[in-house]
Amino acid sequence: MDLIESYREELQLIRKPWTRAWVGAVVSALILLPFYAPQHLTYIATIICIYAVGVQGQNILIGYTGQISFGQAGFLAIGAYTFGHLIRVGIPWPLALLGAGITAGLFGLIVGFPSLRLKGPYLAIATMGFGIAVYQIFANSELLSGGRMGLAIPKISPIFGISKITFNYYFNFAIALLFTLASYNIISSYMGRAFIAIRDNDIAAEVVGVNLTRYKLLSFAISSFYTGVQGGLYSLLIGHLEPNMFTFMETITLFVAVIIGGLASVEGSIMGAAFVILVPQLLSSYRELVPVIFGVTILIILIFEPMGLSGRWMKTRLYLRNWPFR
Amino acid sequence: MRFRSFLIVLALVSLYPLGVFAAGVAGVTDTEVVVGVTTPLSGPAALWGVTGQGMKAWADYVNDQGGVNGRKIKVVLKDDAYNPTRALANLQEMKGEAFAVCGLLGTAILNASKDFFQENKIPLITAYGDVRIWAALPREKLEYVFIAYPDYEDEAEYLTTYGMKKLDSKKLALFYQNDDYGKMALSGIKKALEAMPGKAELVSAVPYEVTERALGTHALKLKESGADTLLVYTTPTHGALILKEIAKLAYKPKVLTTFTLGDPIMYKVAGEVWEGTYIALPGNSGVPGSEANSDRVADILKKYDPKIAGKEYLALFGAVSMMHFVEGLKHAGKELTPASLIKGMEKIKDWKPEGIGAPVTYAPDRRHGVNASRMSRATDGKHVPLEEFTIFKPRF
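Chains as they are written, first to last, in the working numbering: chain W, 1 to 326; chain V, 1001 to 1396.
Heads up, a few of these hints could be off.
Computed footprint of chain V on chain W; a stretch qualifies when at least three of its residues, placed anywhere within it, have a C-beta under 8 Å from a C-beta of chain V [unchecked claim]:
1) 42-50
2) 116-124
3) 133-145
Calculated lysine-lysine pairs in the DSBU-like style (CA-CA distance at most 30 Å, straight line) [as the list claims (entries may be wrong)]:
4) K1268/V / K1221/V
5) K1183/V / K1121/V
6) K1223/V / K1166/V
7) K1165/V / K1343/V
8) K1171/V / K1248/V
9) K1095/V / K1074/V
10) K164/W / K1141/V
11) K1170/V / K1248/V
12) K1244/V / K1223/V
13) K1165/V / K164/W
14) K1268/V / K164/W
15) K155/W / K1121/V
16) K164/W / K1095/V
17) K155/W / K1183/V
18) K164/W / K1221/V
19) K1141/V / K1165/V
20) K1141/V / K1254/V
21) K155/W / K1095/V
22) K1121/V / K1349/V
23) K1347/V / K1382/V
24) K1166/V / K1095/V
25) K1183/V / K1223/V
26) K1141/V / K155/W
Keep in mind the hints are simulated off the structure, nothing from the lab.
No experiment lies behind these values; they were computed from the predicted model shown.
Glycine is no exception: its CB is placed at the ideal position from the N, C-alpha and C atoms.
Using the sequences and the hints, build the whole thing.
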């Protein structure tokens, strides 16, 4: 789509002035959101920010490295509970959040080992087993899950006298922005190129000097770190944890977000997160038809736009750029 | 001139929000009051969403009778798929739109939203889930909350005591879901045994996981325990499965179950093995098929929403919640505000909604309106009550 003339240009996050303008406009609109949107929309935007972090992580693994995983709910639970226990013993939230990410990342590293030998459906089954095992461990351990009343998470008090909803939005928006910038950096780095090379052809990647063991494990660790942080943010927003919040359905939600948003696309991850949160919410008055409409919408998108929402977005931009010529 | 016009426009714009607030209370007009319901209409607990349909049908009935104090009740029904995030989003959306929220469902959802009602000054009229969530809250956070739901532990204690006193149970076994719900039953049974030392003993407690379906081994363990009485704290599906399994082994203990298996639909799920089971019925609702008042209300609900047919038990559960709201509205009077509704709810004393269930009482220092159970027995396709309600101490 673009003609890149130098490495410096290649590393630039945004190259075209027009792109700068609309990205600036979107970010400004998001910053000002609590001022013009109703509170419930601000709340929904907060959830989208939280999910966007996890979906980006999964896209690094599934979309960029080509490693299929169905263990997301496990990493989410590990992140959420680590954050919950740390903050309850008085660890400040930034460290607790980091702890949530690192713990989930370490488990990601362990789960990543089968990926060195397994591919496709076999890897999917192995990771799915991990997700289910984590759920069972939390469900059966009162010490970990907080017992019959669940685990209550103390919330952060809003600062500058702003409302809770506005504070939660800015807090999660800032973190989502940070992780989005980190994702772009990872993808543009040697590491990101190594991930893509592994996805396209792992044997060829090894031939040209990519250390498969290191980068496959790294991809698992990074994606799990993202998902762990999502778990921490989620627990902070909800203020309560119980194992039933991390069933296989949560894995499916994150997986659908990656596919619908578009594989190997950071913007797609954000769009996918928005899709899985917004669509059921907007349809919530249609009662029992919600899953049917949700499912059919996914089918339609995948049939007519296999590259997901980001693919449609890319085509729209190309069309507008070349308009009126086709 | 332009500057003056600008000032006028500015003044009007700045007055606009004042006008909105001065207009009155969210969700209330002279002719309408809006009540929000977020419930699982899809997802794993979709069947329980029938409670929402029951609420809506009863509100429609009340509207046809002329409404309450000249106001019709508008029910805004939203699906949360049993997911706390979505339930919270729905509640946020209802802010400014709904006057009160009715029939919140699911322990995780209650836990996630327990601070919402006090913070936003929105009354919550009944919720279905572990009442210990509310019992653990400080009194000042319960100002806007009114709950009519049995305590799991009190109910288990009642079932055990009933077994020991009326059924001469000596050896008890418990088959329970390995989570908070099941564990509260275990603790209730232990309390009852401690209260009557030497009368009976718990010889076995067999847990299962909610994902399990093959319960043959569990049934064998229960049979080998030699228990003469089996207490069942499960989902309806698992309750039916374990009864079928023990029947295959020709093991025939007396079976006592919790109110979550109180829907006579259990006859369809479990088949003939359900006959003779003892079921604790909850004090906050009735059982269609065995009580004239419940049947009368169920007929009204089916008239307003024919889809309720076959799911009368849960629909009645929801309709009773709407009756609590309506009763509160009646006592609140014409000037409707959250404060007047709270005052109205607090005036409810020894009241039986349409003659159904145990008497309900709310008060400034009491938010647990009813905590009661009574034994019934599955007989010829019906759950027939065996005695009057046993009233437990309100928990909060």
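These are the hints, each one checked on the structure:
1. 42-50: holds (count 3)
2. 116-124: violated (count 0)
3. 133-145: Coverage by chain V holds for the region 133-145 of chain W (3 residues, Cβ < 8 Å).
4. K1268/V / K1221/V: holds (26 Å)
5. K1183/V / K1121/V: violated (34 Å)
6. K1223/V / K1166/V: holds (22 Å)
7. K1165/V / K1343/V: violated (41 Å)
8. K1171/V / K1248/V: Judged against 30 Å, a Cα distance of about 21 Å means the pair holds.
9. K1095/V / K1074/V: The given pair, whose Cα atoms are some 15 Å apart, holds under the 30 Å limit.
10. K164/W / K1141/V: Roughly 17 Å between the alpha carbons, so the hint for K164/W and K1141/V holds.
11. K1170/V / K1248/V: holds (23 Å)
12. K1244/V / K1223/V: Holds, at about 13 Å.
13. K1165/V / K164/W: violated (53 Å)
14. K1268/V / K164/W: Since the Cα atoms of K1268/V and K164/W sit roughly 48 Å apart, the hinted pair is violated (cutoff 30 Å).
15. K155/W / K1121/V: holds (20 Å)
16. K164/W / K1095/V: Within the cut-off at roughly 14 Å; holds.
17. K155/W / K1183/V: Answer holds: K155/W to K1183/V is near 28 Å, not above 30 Å.
18. K164/W / K1221/V: violated (52 Å)
19. K1141/V / K1165/V: violated (39 Å)
20. K1141/V / K1254/V: Roughly 42 Å between the alpha carbons, so the hint for K1141/V and K1254/V is violated.
21. K155/W / K1095/V: holds (21 Å)
22. K1121/V / K1349/V: holds (23 Å)
23. K1347/V / K1382/V: violated (35 Å)
24. K1166/V / K1095/V: Given that 30 Å is the threshold and the Cα spacing comes to 50 Å, the pair is violated.
25. K1183/V / K1223/V: The hint holds at about 21 Å.
26. K1141/V / K155/W: At roughly 16 Å apart (the allowed maximum being 30 Å), K155/W and K1141/V satisfy the hint.
Of the numbered hints stated above, those contradicted by the structure are hints 2, 5, 7, 13, 14, 18, 19, 20, 23 and 24, listed in ascending order.
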